[in-house]
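Using the hints provided, position chains L and P relative to the given structure of chain Z.
Chain residues, written in single-letter form:
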Amino acid sequence: MKRQHSGSALFLLELIIALLFFSLASAVCVQMFVKADTLSVRTVDTSKAVLLAQEKAEEFYAGEGVLSGTKEYFDRNWIRTDSESKAVYLLDASVSRTGSEPGSPSGSSAAGSVSSGNDPVCSITVQKISDGSTLFSLKVLYHQRREAS
Amino acid sequence: MTKKPSRHIVDILAVLILLILFTACALSVVLLGAGVYQKTVANMTGNFTVRTSLAYITEMVHQSDSEGNISVSEKDGLSVLALQKTYGGEAYTTYIYAEGNELKELTQKTDAEFKASAGRTIMEIGSFSAEKDGRLLHLSVTDENGGTEETSVAVRSES
Amino acid sequence: MTKQRIHFGLGITSILVIFVILCIVTFSVLSYVSAKADSSLSSKVSENTADYYDACSRANEKLAVIDEKLSSIAAACGNQAAYFAEAEEYFASDPSYQQSYSKENLAVVFTEDLSASQVLHVTVQILYPGGSNPWYYKITGWETENVAEWNPDNSVHVIGG
Chain Z
1 MKRQHSGSAL FLLELIIALL FFSLASAVCV QMFVKADTLS VRTVDTSKAV LLAQEKAEEF
61 YAGEGVLSGT KEYFDRNWIR TDSESKAVYL LDASVSRTGS EPGSPSGSSA AGSVSSGNDP
121 VCSITVQKIS DGSTLFSLKV LYHQRREAS
Chain L
1 MTKKPSRHIV DILAVLILLI LFTACALSVV LLGAGVYQKT VANMTGNFTV RTSLAYITEM
61 VHQSDSEGNI SVSEKDGLSV LALQKTYGGE AYTTYIYAEG NELKELTQKT DAEFKASAGR
121 TIMEIGSFSA EKDGRLLHLS VTDENGGTEE TSVAVRSES
Chain P
1 MTKQRIHFGL GITSILVIFV ILCIVTFSVL SYVSAKADSS LSSKVSENTA DYYDACSRAN
61 EKLAVIDEKL SSIAAACGNQ AAYFAEAEEY FASDPSYQQS YSKENLAVVF TEDLSASQVL
121 HVTVQILYPG GSNPWYYKIT GWETENVAEW NPDNSVHVIG G
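Just so you know, the protein sequences line up as chains Z, L and P, in that order.
Going by this note's numbering, the first sequence opens with residue 1, and the numbers climb by one from there.
Going by this note's numbering, the second sequence opens with residue 1, and the numbers climb by one from there.
Going by this note's numbering, the third sequence opens with residue 1, and the numbers climb by one from there.
Read the hints as simulated data drawn from the structure, not as lab findings.
All values reported here derive from a predicted model rather than from experimental measurement.
Take the hints with a grain of salt, since some may be wrong.
Computed cross-link-like contacts, DSSO-like style, restricted to lysine-lysine with a CA-CA straight-line distance of at most 30 Å [to be verified]:
1) Lys138/P with Lys85/L
2) Lys39/L with Lys44/P
3) Lys139/Z with Lys86/Z
4) Lys128/Z with Lys36/P
5) Lys36/P with Lys39/L
6) Lys132/L with Lys36/P
7) Lys35/Z with Lys128/Z
8) Lys44/P with Lys128/Z
9) Lys132/L with Lys109/L
10) Lys138/P with Lys35/Z
11) Lys71/Z with Lys86/Z
Excised from the complex, chain Z in its bound form:
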């Protein structure tokens, strides 16, 4: 009798100790899984944001400081959508003139004040709508050549 009980009790004891070690290990590992998944998703988002911002900046340069379309919405698979309700990401590109801005994009050279102050500056931001976090942003200046009078 005692041997049967001690057999089960031993097994139960072993099981409890095993459960203890398993729960400790899985607590740590599940946290790492979550971190890895979050990081992976964030990396994909950043890569897409960089490509989209770059595309917009190049459009701005090719258009010689003129840009069409200021706001673009994307769904969770980064496909363009017109529906704001389905949108998860937002690409916001706005053009202003250096004359209306306190400093040049680089903020370092004095040349910005020498230009007549009318050069267009494009501010491009890609953000996640849900938390408002900025995935990537760019500020580019284009000098529009003067025409001889």
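What follows is chains L and P alone, placed relative to chain Z:
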């Protein structure tokens, strides 16, 4: 005396149920881990293919933007991006294209005949296409799983 | 007489838990390391992109300076020869510009630092406005160049494996 067998059965049953529960939890955590790893690797592979190839091509364009010598054409049925540069007084052209499932690059004298098979493999991709719309180059790369990524590069120099 | 009863189930749990812990630790470490490596590569690409456009903006600011100067030179000079002479003198006096003559025209090259390993060279051909051309310059080169030391792998693959 007769109670012992029922206790014995219940005893074993309880331990067995606990063991089964533990095994189920353990298996589910392992499957979760495998799923997360699979997803991470899939994201990484897809990301790597399109990001690296587009970054490489964009960098090549940025390094060759001179006298407007960047053009897009079709050679041997392939969409080819041609970047012309002068080295030591001689004109050389670097062709970037995709043949089969490989992104290839071929640098040779501008007047030499283009042979797609002579290019050096850069990396494995699904497909590549380039279009020029005025001063804007539209580049598109597809990875082996069909995921497509596009970008644009402006040609800033003039001839 | 005592009866030894061997409990066959003893030890199975330990083996199972060792196996499971090994699996989940391996997967979690691999996932995290892969995701971290991918994230750092992605960060490098985004930093490089931001640096490039920062350099482009600074180059455009410099172009604005050039444009302003050429416009004042053109206003002061009455003819093309005087304009080019004055422009040549101006660029020669500033060490940040390198001059060259290409296709018998005056061209100026200036460089903007892009990052620790790259620079942006901008080549500008000076023009005299008149006729169909209303501009003072045109951009004939906008090239990045790697300036970091790079030691290529010159080893020759002798035997395939």
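Outcome of the hint check:
{"no.": "1", "hint": "Lys138/P with Lys85/L", "verdict": "holds, 19 Å"}
{"no.": "2", "hint": "Lys39/L with Lys44/P", "verdict": "holds, 22 Å"}
{"no.": "3", "hint": "Lys139/Z with Lys86/Z", "verdict": "holds, 27 Å"}
{"no.": "4", "hint": "Lys128/Z with Lys36/P", "verdict": "holds, 21 Å"}
{"no.": "5", "hint": "Lys36/P with Lys39/L", "verdict": "holds, 14 Å"}
{"no.": "6", "hint": "Lys132/L with Lys36/P", "verdict": "violated, 36 Å"}
{"no.": "7", "hint": "Lys35/Z with Lys128/Z", "verdict": "holds, 19 Å"}
{"no.": "8", "hint": "Lys44/P with Lys128/Z", "verdict": "holds, 21 Å"}
{"no.": "9", "hint": "Lys132/L with Lys109/L", "verdict": "holds, 23 Å"}
{"no.": "10", "hint": "Lys138/P with Lys35/Z", "verdict": "violated, 51 Å"}
{"no.": "11", "hint": "Lys71/Z with Lys86/Z", "verdict": "holds, 15 Å"}
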